[in-house]
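Novice: For reference, the chains in residue letters:
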Amino acid sequence: MTLKIVVLAKQVPDTRHVGKDAMTAEGTVNRAALPAIFNPDDLNALEQALRLKEQNPGSTVSILTMGPPRAGEIIRQGLFRGADDGFLLTDRLFAGADTLATSYALATAIKKIGGVDLVLGGRQAIDGDTAQVGPQVAEKLGMTQVTYAQEILKVEDGKATIRRAIDGGVETVEAPLPLVVTVNGTAAPCRPQNVKLVMKYKYATCPSERPADDPRASLYAERPYLTLTQWSVADVDGDPAQCGFAGSPTRVKSVQNIVFQAKESKTLTASDADVEGLIRELISEKIIG
Amino acid sequence: MNNVFVYCEIEGTVVAEVSQELLTKGRKLADRLGVELHAVVAGTGIKGAVESQILPYGVDKLFVFDGKDLFPYTSAPHTDILVNLFKEEQPQICLMGATVIGRDLGPRVSSSLTSGLTADCTQLEIGDFDDVKTGKSYKDLLYQIRPAFGGNIVATIVNPDHRPQMATVRSGVMQKATYAGSYRGEVVYPEVSQYVSPEAYVVKVLDHHVEAAKHNLKGASIVVSGGYGMGSKEGFDMLFDLAKVLHAEVGASRAAVDAGFCDADRQVGQTGVTVHPKVYIACGISGQIQHIAGMQDSSIIISVNSDPDAPINKIADYVIVGTVEEVIPKLIKYYRKNSK
Ligand SMILES: Cc1cc2nc3c(=O)[nH]c(=O)nc-3n(C[C@H](O)[C@H](O)[C@H](O)COP(=O)(O)OP(=O)(O)OC[C@H]3O[C@@H](n4cnc5c(N)ncnc54)[C@H](O)[C@@H]3O)c2cc1C
Ligand SMILES: Nc1ncnc2c1ncn2[C@@H]1O[C@H](COP(=O)(O)O)[C@@H](O)[C@H]1O
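Listed in order, the protein sequences are those of chains A and B. 24 is the number that my numbering gives to position 24 of the first sequence; each next residue is one higher, with no gaps. With positions in the second sequence counted from 1, the corresponding number in my numbering is that position plus 289.
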């Protein structure tokens with residue numbers, strides 16, 4: 001069967017490689033010091049989508065991302081790997097969203113896209129680490145959800161068979177479409193960028209990414225696929241009260257830098273006398289038995 | 290009304306330890322707020338088997354949903370149970386494990402009730418909140434404290450206007466203890482079909498396979514942990530030898546797990562297990578924030594590291610400056626010599 005697949009992909013700061021300059025003196029995050037990357041788990045989700053597209057000729061894969069205009073980069077990276085098109089949700093009204101307001105926005109866009117059979121997301125984003133957006137999008141769309149997927153084994157007769165990781169084990173489930181699936185970072189890695197696709201989509205941009213008098217204006221007029229869809233709250237018929245900060249039930253009360261209490265420690269050498277001395281001390285104080 | 294609820298997770302008829310840890314925490318929060326602690330559990334053939342695993346933690350009222358196809362867990366039926374029960378009961382707080390189940394169920398329930406949810410909390414407290422934006426003040430909110438941004442900061446999150454205030458907590462972060470005070474211990478068995486619509490049973494579990502944990506890292510009183518400085522999988526064998534003589538469990542840093550020295554289920558830290566042993570021996574571990582987050586509450590910390598300036602040394606009680614190759618065999622030798 002042909003499938004209409006949407007992949008939820010987020011642009012995130014690379015928190016895995018946080019250097020000393022990533023935190024300001026006041027203990028806040030210096031986002032500028034961290035490179036913005038394709039959220040790792042979302043690449044695993046994209047790979048599952050591209051495999052399904054290969055197995056089901058005629059299927060399409062679209063990237064959906066919410067973020068500032070520069071998040072258009074995420075769509076391009078998806079196109080370079082084999083996605084067909086992409087949608088950028090960008091609007092000041094989306095800013096300050098917690099997971100609930102984020103899922104509202106993404107769900108509204110998925111409704112606007114229409115006729116979607118499968119929504120694939122990463123299990124979690126490395127900036128928030130919440131793993132909440134996938135299930136919340138599913139709930140907002142009234143769709144069935146399968147989380148922690150390792151592999152989508154097949155999609156047939158309107159049903160997907162999925163292997164998922166559970167605590168201390170594995171499970172195989174069968175779920176009807178339309179379906180939201182979140183994919184683990186331990187699932188198959190994403191294929192690399194394809195040189196031909198990079199050539200084709202190098203200049204694909206969202207309107208808001210372009211300078212006022214764009215030298216490539218004629219190119220865009222000639223090749224409509226280089227203009228990526230960009231939507232505001234109004235474009236997706238969203239309710240501003242449910243978007244961004246206004247639509248977020250959670251508030252950050254405070255943020256603190258982590259300071260560990262330094263202890264007064266005894267420093268020993270690796271000599272026999274020191275090691276035996278320590279062992280005797282621990283035994284005599286009944287710390288070890 | 291406005292009580293504290295804990296969703297208890299099960300495997301077969303066994304209640305998850307993380308749920309018992311949360312009951313213990315939930316009891317404290319309920320006492321602080323002057324309300325009751327309620328628990329909810331759903332499964333198949335659990336009536337008569339789970340009550341004694343839940344009530345002793347100080348539960349005033351337990352809702353047992355026992356019905357066909359409630360085990361193995363699937364999202365929709367369990368969501369229906371919580372959403373409909375919470376509409377009746379109007380809890381102010383709901384806690385669940387930051388497990389595969391809790392992180393599947395929590396967001397779905399919170400979205401349905403439009404209430405906020407905070408994942409992976411490491412501390413839960415009650416306190417007041419002044420919203421500078423609106424000028425409103427709130428009393429006795431749940432402070433949901435969690436590491437953020439890769440563990441580099443700690444954020445306190447509150448849900449001022451929406452109920453229940455929902456939070457998930459990882460296994461091992463809270464400590465379980467049965468409750469010595471008095472509690473009501475009422476148990477009810479609601480009719481499942483009153484809560485779950487027939488359409489909810491859409492996901493079929495074709496195969497469900499869970500293995501019992503191979504170790505008891507979380508509950509161990511001595512943990513010997515190895516990091517990237519152990520050098521190899523063979524290097525780790527030395528740790529297993531040390532653990533054997535000390536009757537300890539073996540833990541690891543993420544760098545050691547990523548390097549393939551050790552199984553992932555032994556990882557200690559923010560994204561691994563949290564341990565609270567009497568003695569924690571860190572061998573070849575530098576002590577990055579995310580590792581320390583999982584072991585800082587150990588009573589005695591011993592670091593074996595060739596670098597005298599390794600960050601872990603700052604929080605250690607004893608620092609042995611030396612290579613693991615030299616020191617670990619000596620620890621084994623002198624323990625054997627001096628014990629009993
Ligand atoms: C979001 C996030 C979550 C994370 N979660 C976790 C987590 O849960 N747990 C975790 O552990 N990490 C976690 N990390 C990774 C963490 O930041 C560190 O990368 C990791 O803890 C480093 O492991 P290590 O100390 O073993 O390795 P290294 O930092 O490489 O340290 C190796 C140490 O071994 C010493 N050494 C080298 N050779 C020898 C020798 N022969 N004898 C003695 N000492 C020697 C060195 O001096 C050094 O101190 C997380 C990171 C992120 C971004
Ligand atoms: N702003 C966003 N745009 C697109 N997808 C997102 C966004 N935020 C979260 N997601 C998706 O939801 C998943 C879980 O995110 P989180 O709940 O933040 O851990 C991510 O891996 C993405 O697939």
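Source of the hints: derived by calculation from the structure; they are not laboratory data. In this text the structure is predicted, and so the values were computed from the model without any measurement. Each residue gets a CB set at the ideal place from its N, CA and C atoms; glycine is no exception. A few of these clues could be false.
[To be verified] To give an idea of the interface, some chain A residues facing chain B are shown, with a C-beta separation under 10 Å as derived from the structure:
hint, residue
1, R92
2, A95
3, D129
4, D157
5, K159
6, R163
7, T229
8, Q230
9, S232
10, S254
11, I283
[Stated by the list, open to error] Each computed SDA-like pair below joins lysine to any residue, with the alpha-carbon atoms no more than 20 Å apart:
hint, chain 1, residue 1, chain 2, residue 2
12, A, K266, A, E285
13, B, K493, A, E285
14, A, K286, B, K567
15, B, K619, A, E151
16, A, K202, A, A71
17, A, K253, B, K619
18, A, K4, A, K202
19, B, K336, B, D349
20, B, K493, A, V173
21, A, K253, B, D349
22, B, K603, B, Q579
23, B, K629, A, A71
24, B, K317, B, G470
[To be verified] Derived coverage of chain A by chain B (criterion: at least 3 residues anywhere in the stretch with Cβ under 8 Å from a Cβ of chain B; other residues may be distant):
hint, stretch
25, 67–76
26, 169–175
27, 242–252
Novice: Could you work out which earlier hints the structure fails to respect and list their numbers in ascending sequence?
Specialist: Numbers 1, 2, 4, 7, 8, 9, 13, 15, 17, 18, 21, 23, 25 - these are the hints that the structure violates, sorted from lowest upward.
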